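Colleague: Each chain, written out:
Protein chains: 2
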Amino acid sequence: MADNIADVRVLPCTDSKYIRPFRIHYKQDGIDKTWDYMKVYNSVIILIFNVTRKVFIMVKQFRPAVYAARVEVENGRIDTTKFPGSLGMTFELCAGLVDKSGSIEQLAKQEILEECGYDVKVECLERITSTRNVGTSGSLQTLYYVEVTDEMKVAAGGGLTEEGEMIEVIELPLKDTKHFIMDESIPKPPNLQFAFMWFYANKAKNHEN
Amino acid sequence: MADNIADVRVLPCTDSKYIRPFRIHYKQDGIDKTWDYMKVYNSVIILIFNVTRKVFIMVKQFRPAVYAARVEVENGRIDTTKFPGSLGMTFELCAGLVDKSGSIEQLAKQEILEECGYDVKVECLERITSTRNVGTSGSLQTLYYVEVTDEMKVAAGGGLTEEGEMIEVIELPLKDTKHFIMDESIPKPPNLQFAFMWFYANKAKNHEN
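Chains as they are written, first to last, in UniProt numbering: chain A, 1 to 209; chain B, 1 to 209.
Because the hints were derived from the structure by calculation, they are not lab data. For clarity, every value in this text was computed on a predicted model and none was experimentally measured. Heads up, some of the hints might be wrong.
Copies of one chain are not kept apart here, so a pair can be met inside one copy or by any two copies together.
EDC-like mimics (lysine to aspartate or glutamate), calculated; alpha carbons at most 16 Å apart, straight line [unchecked claim]:
| no. | residue 1 | residue 2 |
| --- | --- | --- |
| 1 | LYS203 | GLU126 |
| 2 | LYS33 | ASP7 |
| 3 | LYS27 | ASP7 |
| 4 | LYS82 | ASP7 |
| 5 | LYS27 | ASP79 |
| 6 | LYS121 | ASP150 |
| 7 | LYS100 | GLU114 |
One chain only, chain A, in its complex shape (with noise of 0.2 Å):
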């Protein structure tokens, strides 16, 4: 099981790959500044609709970054019989870091082929918009949509067993959607919320009956 957290040991982080903090000295209207930030990779995010049973195929997985915004370290320890892994579980949409060379979408379908087992054309892809997260990083995250049938799914999805992923593949009715926009006891990020209101807008008309 994804959530069977155990062992668990917090440190200090000093030579991360993925999180390297900088500090930036800069002038604004002739004023001495200075700012902390790191460098993250950007990503990409994929909104997928499965049009034969009209399900959002989203991914749960174990988020360490939650689970440890969530529980209480001691002495670098987490007592996981008071804080269960539960506590680090998210609902997502199908998303990969841009660390690879290749065009955004072409990293979109592998990533939709990894986690979810859909096998799609990149012609297929519709891209939504770009954000960014704004304090911390800069990153860009750019969002698709995408529209699949049962025939495309071709393997499980859940992730590289090489590199370690565990996701479970989560199919969410689109009735139940407005209801899981809203609700707090599960932890989500917005990308997620904003892609479900724009298909509500944009799309819901061609699939709700």
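Chain A is fixed; fit chain B onto it per the hints.
Modeller: Same frame as chain A, but now just chain B:
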């Protein structure tokens, strides 16, 4: 001018008060794993709608992290003739870090006054929902909605001068919002896009005529 940026230097940063990297070690279903994350403050974000003139009240500001993500750094310097400060200007909702004691609604009230100059009653804040950063920090953003009138505008806003804030208060007419949400030329965070979509689904009918 807030986008008059000069003399920019970028240095590695190991002692940030704002970005504190940690490495978490854990066993997931018996398999050893690690993840790098950072501790940041939670935040409160407020969608402000001025009903007198049917405009959204937003903030425009220079965001060093966005600027740094959009430019080239050469030997720790950024050439501002090639990369003007305008690249780092973002449009955002009024927001603040949860770094003080007191209720989150009280903090929201204070940020609305400091950044936008409106004096709102805590009881008028409507909680929309909350979202989390899932990848790097796990931090919680709680989203509120509040309606204001011109009579509630008691100060210029613009942020705290003593904290060096240079914030421009922006009014976005309701009718321009749909175009704005999708416009990729303006850097903005996903919570802003979600909040506007939420408004359309839940509040617009009271204000469109």
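Colleague: Indicate, hint by hint, whether the structure satisfies it.
Modeller: Evaluation of the provided hints:
no.	hint	result
1	LYS203 to GLU126	within (12 Å within a copy, 28 Å between copies)
2	LYS33 to ASP7	between (42 Å within a copy, 10 Å between copies)
3	LYS27 to ASP7	between (47 Å within a copy, 6 Å between copies)
4	LYS82 to ASP7	within (13 Å within a copy, 50 Å between copies)
5	LYS27 to ASP79	between (46 Å within a copy, 13 Å between copies)
6	LYS121 to ASP150	within (14 Å within a copy, 51 Å between copies)
7	LYS100 to GLU114	within (15 Å within a copy, 43 Å between copies)
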